[in-house]
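> Whenever a hint applies, use it, and build me the whole structure from the sequences.
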Amino acid sequence: MSVLQVTGLAKSFGGLKAVDDVSFAVEPGELLAVIGPNGAGKTTCFNMISGQLRADAGTVRFDGTDISRWPARKIWRLGVGRTFQITATAPSMTVRENVQLALLSHHRKSSNLWRPATTMYQDEADRLLDRVGMVEQAARAAGVLAYGDLKRLELAIALAHAPKLLLLDEPTAGMAPGERTNLMALIANIVADEVISVLFTEHDMDSVFGHADRILVLNRGQVLAEGSVDEVRNDARVRAVYLGGGGTYGGSAPNA
Amino acid sequence: MGFYFAQFLTGLASASALFLVASGLSIIFGVTRIVNFAHGSLYMVGAYLAYSVVNWLPHGVFGFWAAVVIAALAVGVLGAVVEFVLLRHLYRSPELFQLVATFGVVLVIQDAALAIWGPEDIVGPRAPGLDSVVRIFGEPIPEYDLALIVIGPTVLLAVWLVLNRTRWGTLVLAATQDREMAAALGINQTLLFTSVFFLGAFLAGLGGALQIPRETISLLMDLNVIAEAFVVVVIGGMGSVPGAFLAAAIIGELNAFGVLVFPQVTIVLAFLVMAVVLVLRPQGLLGRPEIHAHAPAHVREAPLQPFGHRQRLAVATVIVLLAALPMVAGDFTLVLATDILVFAVFAASLQFIMGTGGMVSFGHAAYFGLGAYGAALVVKHLGGGMVSGLVAAPLAAGLGALLFGWFCVRLSGVYLAMLTLAAAQIVWATAFQWQEVTGGDDGILGVWPPGWLADRTAYYYLALVVCCGAILALRRIVYAPFGYVLRGGRDAPLRMAAIGIDLRRHQWFAFVIAGVFAGIAGGIYVYSKGSVFPDELAIPRSVNGLIMVLFGGIQTILGPIVGALTFTVLEDQLSRLEYWRAILGAVILFVVLIAPQGIVGGLARLADAVTDRSMREAER
Chain A
1 MSVLQVTGLA
11 KSFGGLKAVD
21 DVSFAVEPGE
31 LLAVIGPNGA
41 GKTTCFNMIS
51 GQLRADAGTV
61 RFDGTDISRW
71 PARKIWRLGV
81 GRTFQITATA
91 PSMTVRENVQ
101 LALLSHHRKS
111 SNLWRPATTM
121 YQDEADRLLD
131 RVGMVEQAAR
141 AAGVLAYGDL
151 KRLELAIALA
161 HAPKLLLLDE
171 PTAGMAPGER
181 TNLMALIANI
191 VADEVISVLF
201 TEHDMDSVFG
211 HADRILVLNR
221 GQVLAEGSVD
231 EVRNDARVRA
241 VYLGGGGTYG
251 GSAPNA
Chain B
1001 MGFYFAQFLT
1011 GLASASALFL
1021 VASGLSIIFG
1031 VTRIVNFAHG
1041 SLYMVGAYLA
1051 YSVVNWLPHG
1061 VFGFWAAVVI
1071 AALAVGVLGA
1081 VVEFVLLRHL
1091 YRSPELFQLV
1101 ATFGVVLVIQ
1111 DAALAIWGPE
1121 DIVGPRAPGL
1131 DSVVRIFGEP
1141 IPEYDLALIV
1151 IGPTVLLAVW
1161 LVLNRTRWGT
1171 LVLAATQDRE
1181 MAAALGINQT
1191 LLFTSVFFLG
1201 AFLAGLGGAL
1211 QIPRETISLL
1221 MDLNVIAEAF
1231 VVVVIGGMGS
1241 VPGAFLAAAI
1251 IGELNAFGVL
1261 VFPQVTIVLA
1271 FLVMAVVLVL
1281 RPQGLLGRPE
1291 IHAHAPAHVR
1301 EAPLQPFGHR
1311 QRLAVATVIV
1321 LLAALPMVAG
1331 DFTLVLATDI
1341 LVFAVFAASL
1351 QFIMGTGGMV
1361 SFGHAAYFGL
1371 GAYGAALVVK
1381 HLGGGMVSGL
1391 VAAPLAAGLG
1401 ALLFGWFCVR
1411 LSGVYLAMLT
1421 LAAAQIVWAT
1431 AFQWQEVTGG
1441 DDGILGVWPP
1451 GWLADRTAYY
1461 YLALVVCCGA
1471 ILALRRIVYA
1481 PFGYVLRGGR
1491 DAPLRMAAIG
1501 IDLRRHQWFA
1511 FVIAGVFAGI
1521 AGGIYVYSKG
1531 SVFPDELAIP
1541 RSVNGLIMVL
1551 FGGIQTILGP
1561 IVGALTFTVL
1571 EDQLSRLEYW
1581 RAILGAVILF
1591 VVLIAPQGIV
1601 GGLARLADAV
1611 TDRSMREAER
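From first to last, the protein sequence lines stand for chains A and B. Position 66 (the first sequence) corresponds to 66 in my numbering; numbering is contiguous. With positions in the second sequence counted from 1, the corresponding number in my numbering is that position plus 1000.
Please keep in mind that the hints were generated in silico from the structure rather than gathered at the bench. Warning: the hint list may mix true and false statements.
Here are the simulated SDA-like cross-link-like pairs (lysine to any residue), alpha carbons at most 25 Å apart as the crow flies [unchecked claim]: (1) A:Lys109 / B:Arg1504; (2) A:Lys109 / B:Arg1126; (3) A:Lys109 / B:Leu1472; (4) A:Lys109 / B:Ala1473; (5) A:Lys17 / B:Leu1494; (6) A:Lys109 / B:Gly1469; (7) A:Lys109 / B:Trp1406; (8) A:Lys109 / B:His1059; (9) A:Lys109 / B:Leu1402; (10) A:Lys109 / B:Arg1505; (11) A:Lys109 / B:Ile1477; (12) A:Lys164 / B:Leu1146; (13) A:Lys109 / B:Leu1503; (14) A:Lys74 / B:Arg1505; (15) A:Lys74 / B:Arg1504; (16) A:Lys164 / B:Leu1472.
What follows is the structure in structure tokens.
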């Protein structure tokens, strides 16, 4: 059974159909890349799957459960983790505390009024930080981190409740090329180790073609193509969208 | 029939005056996002100035109307000056700074008016040519009321034309809708903001000047009008001039007819309507929802550090010194020290909701007062003793916070702040008007501790134990997971839902905690004074709390204690002087402009700078 089954998903903002009848599935242990030009509806799709946005139509099933109308926090509890395109971490807390916050929620201790929070789940937090190579920076304030490090912190936070499905919205945006390769390799490792499924958007085609098991191409809110890396690479319509052609957004560079 | 029509016209006439004040406030808020508490002061100055100019000009129709216009123009210039000297430097500051700064202006203007026009109420001149009544349906209607009913819509039309038919107006509307975009388009904001303040202040001054034939001129006009002006601005929609007109008409009529139907709840009505509008339609009747949710401005905050040995030792030393205080201090000092302890808890609870929770409260006095009244009511109506009174205090405050908090956490930013203000005014008006239960303006007297605590020293020790315990407990909560969740919600609300946290529920609970601790302070306070009056629930009490938090530094947990100490001692010392308000106002403005991190934050920064330098020197 698919981990994630999306059927006929749709969302409009005013008159604009941001996502229009999108259907796809993610299999266990699969790394599915979602690509498309700016404004194709990738982030909107993510926000509907993880509950940040409510869909106008369509269903989202996770492990067979219909989660289409669920609030984000319940979807998270079910085992869906995510990172944000524009990072959302607490700048006034240390790197470790940001991870501890997710762990506190996972262990249902978020309403505790008495125990000093920094002493709780420290080792667990450090293990997660170690996985993403951030443990040396654990005591630094998140507010002073470089952008690439924030992205890695986001990944550690998203892994805190051992999710079955991870949604990564441009996990390597703003990183230097070498860093990018490392992070994508790390993500691929995590998928292999823990049988997590990953759905990720990315503008960097090397990351996509190098690591994805399958690729979903969106354009103007609709599915343009779906298939293996080779199938998508050779698809004429995808080429038209990315290299410029009639009826598209006009040759926007893939990593713009 | 005739009577009701007359009542209707009276309502419209007061609506006109209210509209003028509120429209200015609304325009200023729309463009600059500053909640201008000093707007009522501009209104008051308009009235005083018009009175002086009328006496100075030749008497007659021309003299009167010329005086009105001259006064309004002068107030407009005053508003522009305030913007230029002060508020311009605060556009990027948190709401707390802006509000407290404008309150500093209130204090300064109040004393300036006292110095110029004296403490006595002044009866203004009648408007020449409009000083008699006309009979409509047999009822006498003052001619001047009819004039006001015409003036209101005329000004609305004029302002509407300026905003919609001039280039300047287009810029104002653009900045109201999307300030960042307007800035990005290269609009000269400096000039725009100053001129907006001129127009807003002009309208306030006009409103005040036009009031002089109807109302005695007094030093209370400023705060009396400002609360109602906020109501109108919020109901109409912040930034919307037609909205202000509509809302002023609604409130004017509500007051006119409310008196007939529910004479007991007239003051509550307006704030109830404001609260309902905020809950159902936060952007107001004719306001537009904000396009950009402006990211709240935060003072940059470092991660929390647990107390080391040295800090623990320092805290223990302070507590020991406080315990030893009765050995050296007299009764007078102990009373002051008890006050300081009480306000330290009050300020700490306010800092908890604002600094840790990121929710600005303009009405925290509600919970302090609910605590005080909770204890006093138990004594008065149930004959309870002090223990039951001190239990009732946090209970009453907590229940109030449970009720109001449920609505408040559904809003954010300035809308939330306005709802906390409305909630506090509802509680205040209830205490003020519900004579049978609360004693109204006369308050509740005779709330004394039992004999063994009647001694000042004994009561001081009770206050010391309760207040130190409360502050340490609050600090514990800040460092506990709950406190971290609140800070996380303040810094990155989006993230909270994405790690499974029901942020709204936590914020609601935080509201209750802050209320309970403010209630504890109120309970200790009422037994130390022996009485409670509606003043404990009023706007100045809330603002005092804000000033203490500001003095201490909003992001430090120990700040409120230093803030309460500084403010209480300062107020105690200054209030012996004639113009103490002006001095206090100047101190406030100084802190806002020069030491925005407050005393504790400023000292911490200074200490950092010194350590940095000595470390660098050591390295050499």
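> For the pair supplied as a hint, Lys109 (chain A) and Arg1504 (chain B), confirm whether the alpha-carbon distance does not exceed 25 Å.
holds, 16 Å
> Within 25 Å, alpha carbon to alpha carbon, are Lys109 (chain A) and Arg1126 (chain B)?
violated, 68 Å
> Tell me if the straight-line CA distance from Lys17 (chain A) to Leu1494 (chain B) falls inside 25 Å.
holds, 24 Å
> Given the hinted pair Lys74 (chain A) and Arg1504 (chain B), is their alpha-carbon gap at most 25 Å?
With Cα atoms ~14 Å apart, Lys74 (chain A) and Arg1504 (chain B) stay inside 25 Å; holds.
> Would the pair Lys109 (chain A) and Leu1472 (chain B) pass a check requiring their Cα atoms to be no farther apart than 25 Å?
holds, 21 Å
> Is the Cα-Cα distance between Lys74 (chain A) and Arg1505 (chain B) 25 Å or less?
Status holds; Cα separation ~14 Å.
> Keeping to a limit of 25 Å between CA atoms, is the pair of Lys109 (chain A) and Leu1503 (chain B) held or broken?
holds, 14 Å
> Does Ile1477 (chain B) lie within 25 Å of Lys109 (chain A) when you go C-alpha to C-alpha?
holds, 13 Å
> Verify the proposed pairing of Lys109 (chain A) with Trp1406 (chain B), using a straight-line Cα cut of 25 Å.
holds, 22 Å
> Tell me if the straight-line CA distance from Lys109 (chain A) to Ala1473 (chain B) falls inside 25 Å.
Measuring from Cα to Cα gives roughly 18 Å; hence the hint holds.
> Is Lys164 (chain A) within 25 Å of Leu1146 (chain B), Cα to Cα?
violated, 72 Å
> Is the Cα-Cα distance between Lys109 (chain A) and Leu1402 (chain B) 25 Å or less?
holds, 22 Å
Going down the numbered hints, you'll see the structure goes against 2, 8, 12, 16, while the others check out.
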